[in-house]
Amino acid sequence: MSPELNELRDSARAVLSGAGVAADEARAWPSLVELGWLMVATPEESGGLGQGLAGACAIYTEMGRALATAPYTSAMLALDAVQQSAREDRDAWIERMMAGEYVAASLADASLTVSSGAVNGDMAAVPSADKATHFLVLSDAHIALVPREADGVTVNARQTWDKTRRLFDVGLNNAKLSPDLVLAEGAVAANLAERIRAHRDFALAADAVGGAASILDITVEYLKTRSQYGRPLAMFQALKHRCADLKAAATAAEALLFGALDRVEADTEVGALALLGKKAKHFACATYAAITEESVQLHGGIGMTSEHPCHLYLKRALLNQHLGRAGNYEVDIAAGALRG
Amino acid sequence: MTTADPKSEALRAEVRAWIKANAPADWRAHMMGTGQDAFVAGQRAWFKKMVAAGYATPHWPKQWLGGGRSLAEQKVIYEEIARADAPRLILYFVSLYHAACTLIECGSQAQKDEYLPKILDGEIWCQGFSEPNAGSDLASLRTRGERRGDRYIINGQKIWSTMAQFADRCLLLARTGPSDPPQAGITYLLLDMKTKGVTVRPISQITGDDEFAEVFFDDVEVTVENLVGEEGNGWAVAQTTLASERGLTLVELNQRMRASLWRIIDVMRQTGADKDPAVQRDLGALIAKVDASCAVADRYLQRRIAGEEGAGDASIVKLIYSRTLRDFTKLGFHLSGLQGQYWSDFTRGGSQETGNWAVDFMNSYAWSIAGGSDEIQRNIISERMLMMPREPKNWKLTGDRP
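In the order they appear, the protein sequences are chains R and L.
All residue numbers for the first sequence refer to this note's numbering, where the first residue is 1 and numbers rise by one.
All residue numbers for the second sequence refer to this note's numbering, where the first residue is 1001 and numbers rise by one.
Among the clues, some could well be false.
Only pairs whose alpha carbons sit at most 30 Å apart, straight line, appear in this in silico DSS-like list of lysine-lysine [said to hold, decoys possible]:
1) LYS1062(L) with LYS1049(L)
2) LYS224(R) with LYS1049(L)
3) LYS1393(L) with LYS224(R)
4) LYS315(R) with LYS131(R)
5) LYS1194(L) with LYS1112(L)
6) LYS1112(L) with LYS1062(L)
To be clear, the hints were calculated from the coordinates, so they are not data collected in a lab.
Predicted, not measured: the structure shown is a model, and the values here were computed from it.
Chain R extracted, bound-state conformation:
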């Protein structure tokens, strides 16, 4: 990590830990806008901080650690799409979005069809959609922004077990694609959509890496404090070895993610980028889920209570596993190797 990235990560960690776990979204969003976190990945020539995907992932990791509620990932995906478009008014949009205008992107794949200039289909898992001015729409051959208030757009809140994020279904029923808001079309759109999906994979991986580190710390600390049979639980080898395995897995997930980010350059071919992202996402989210599953067990009864944060991590981790691409990551990763 560069010194700039380290500094950014440290300051994000300090701010987020000050605000506390799963801090209120209404306060978290203005704060992250003010701190310039939406500017992290945007190139300097467009007024950003120029830290690229690695910079964004440094923030995602910290947000994962703090179970952040603000729809930062979603906003960053939309920003990335706008940034990579060839629109003339691109920088004006970037400025608005970096200043806090929320354009929302889905955290899951959607199958959308475009015909006669209108889009149809349902987008699932759009975070904080009620706060968005526009939605990022990705289809096979079109990438566009659709205003939330446009005709044919419906927004429905969904109750999720994960209480650290507010997800919505966004229905698109013959919603017109305004030429002013089309970011890419044709083969360019397909390529860009894949880049956005890869970005989303990296974001989910980073969220998982941060969350896994955090819940493991909490669990180990708990085992050091709680005593039974006249000794701290942390002294029992049966528990120590499980924690050691979790620590090793968390370290591996982090190494895979940051090792992959080290390989990503601006001109990395989209297929290679996607494969790196899939591996990082699959491994980190599976690891996060396994660590949170164990953390509830290692906490014993208190882990089953709503007052302890254990369950917040568990539910976020399990949701993360199912966000991202449709289909199966392991099969996707294998497919590349079987073709080669």
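The hints should help you fit chain L onto chain R, whose structure is shown.
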């Protein structure tokens, strides 16, 4: 961003070209089903070439051929050897790393002058550390070294000594003083394996190979010139020995494992399992895990180069590798089905990637047991990294349950 400095890349090209021109061709086929003699001859020939090219001793000090390389350069050499699937210098590992690094850091000038050139000439060293009752708990070793005049008289037994049957010399830990604490009273000696009273007995392994041996000492005499460091300070010297390979081996082994993933795909194609989505999932998960293990080893070495290594870091590298290697070999063995259960011969010196899945699977235990078992690594990670308290040192059975 990837930091490919021009100096490393020049070295990479140089090593790659050299290996292409010099590495033994088809060595895997030649070593298939051979006896130890052919293996030893193959290792000797390859060692000689590697030494002459300076690639066997990049970690030695500058005055030695090829020596004085940075850790980053050593990594490049290892990566290229792994990439080309050239043979590992298994027979010389203890000589080049354990013996040489111990001599360089702790040996007297006379010992360095005597033994380092002989290592380059092909002298083979083995390690005399573990004993039947001193494995993970190495400090409890009981082989006696009794000082008589200008020599030590050694009696006892060592075990799990890799390639000891071919060794010219041995790095020997013996107890010369009281064992309280157990680390005290251990002395580090250099032993000529041809000395009267030394008996070596190869151990037949579950694979049918015999890479390890037991070594028995019956009134074996070692002169005091062969004492390393001071009498009773052998434990500290032994730490130098064990730290000598500095993470490079695991970088290399991880690269070899990644380069061998095609063997899983190969067996999938042979059995038609490549069409089975459940097996595809296993493969995808394995690929990601292998990549993660490689990334852990790479990042560890980067941290070492930057001087940022922390307590327990090396244990994580080894634990992740050993578990991943087990997964890798287990999947291959499982996919090979009934065919995999029929005995077939194997490539001697082929490490854990011979493609004989039964042998590779069984050999994977070498990495979860030797060099600090997984259980020891978990102790280190939990106690030194997560700072979980050690278990009480003294225990007593109470109650009526034994």
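Practice task
Please write out, lowest number first, the hints stated earlier that are contradicted by the structure.
Solution key: 2
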